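Undergrad: What follows is each chain in one-letter form.
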Amino acid sequence: AQKVTQAQTEISVVEKEDVTLDCVYETRDTTYYLFWYKQPPSGELVFLIRRNSFDEQNEISGRYSWNFQKSTSSFNFTITASQVVDSAVYFCALSGTGRRALTFGSGTRLQVQP
Amino acid sequence: DTGVSQNPRHKITKRGQNVTFRCDPISEHNRLYWYRQTLGQGPEFLTYFQNEAQLEKSRLLSDRFSAERPKGSFSTLEIQRTEQGDSAMYLCASSFLTSGGETQYFGPGTRLLVL
Numbered sequence: 001a002q003k004v005t006q007a008q009t010e011i012s013v014v015e016k017e018d019v020t021l022d023c024v025y026e027t028r029d030t031t032y033y034l035f036w037y038k039q040p041p042s043g044e045l046v047f048l049i050r051r052n053s054f055d056e057q058n059e060i061s062g063r064y065s066w067n068f069q070k071s072t073s074s075f076n077f078t079i080t081a082s083q084v085v086d087s088a089v090y091f092c093a094l095s096g097t098g099r100r101a102l103t104f105g106s107g108t109r110l111q112v113q114p
Numbered sequence: 001d002t003g004v005s006q007n008p009r010h011k012i013t014k015r016g017q018n019v020t021f022r023c024d025p026i027s028e029h030n031r032l033y034w035y036r037q038t039l040g041q042g043p044e045f046l047t048y049f050q051n052e053a054q055l056e057k058s059r060l061l062s063d064r065f066s067a068e069r070p071k072g073s074f075s076t077l078e079i080q081r082t083e084q085g086d087s088a089m090y091l092c093a094s095s096f097l098t099s100g101g102e103t104q105y106f107g108p109g110t111r112l113l114v115l
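From first to last, the protein sequence lines stand for chains A and B.
In terms of my numbering, the first sequence has 7 at position 7, counting the first letter as 1, and numbering is strictly consecutive.
In terms of my numbering, the second sequence has 95 at position 95, counting the first letter as 1, and numbering is strictly consecutive.
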């Protein structure tokens, strides 16, 4: 069975602070894929990143960076110099070769105060 | 580039009525997924298609739910004899499966309220 845990239900920061969203996963697949999606108040899920299990390189995209550690089954997401527009619910998700459908965590609501 | 579209965006119905939602995937995407999201939770998988074949159905998909994807293009999700517990956001996603994996892109969702 696959499972994704996002222990942080809600985080509130002040603009320009750095913030890290945690994601821990469980899977029996040897090949799997990890994702982060953003869900702004409008409700549409926006794809941010996909990471394959065989690629442990960390990734940076502008103010966003992702830290994938297989040893701790974690795929954490850091926003540097947060902005009000980053306010949203962020979901971590997992799929595998055995099950292509996404298994989502319960999400972390990020509030960035001006 | 046109994204995934869903219609209607909102639906209010009375308990016991039937409802149907439509999803139009990104062109040339061979996979289409349906998820359900309730307030404060992450989306939960319902079913998916590869082209016109329905390959997997979740236990969440009771016999009141049916989904189709005729000719491997758009898809419909029908709920018969709606119950108040069916109130949720219904999300559609599409993807193109390659040897390197797939990324699902989501539509805006259909928000269902059953009175």
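Rather than coming from a laboratory, the hints here were simulated on the basis of the structure.
Since this is a predicted model, take the numbers as computed values, not measurements.
One thing to keep in mind: the hints can contain errors.
List time: in silico DMTMM-like cross-link candidates among lysine to aspartate or glutamate, alpha-carbon distance up to 25 Å [unchecked claim]:
| # | chain 1 | residue 1 | chain 2 | residue 2 |
| --- | --- | --- | --- | --- |
| 1 | B | K57 | A | D22 |
| 2 | A | K3 | B | D86 |
| 3 | A | K38 | B | D63 |
| 4 | A | K70 | B | E102 |
| 5 | A | K3 | B | D24 |
| 6 | A | K3 | B | E102 |
| 7 | A | K38 | B | E52 |
Undergrad: Run the structure past the numbered hints and jot down the numbers of the failing ones, going up.
TA: Hints 1, 3, 5 and 7 not satisfied by this model.
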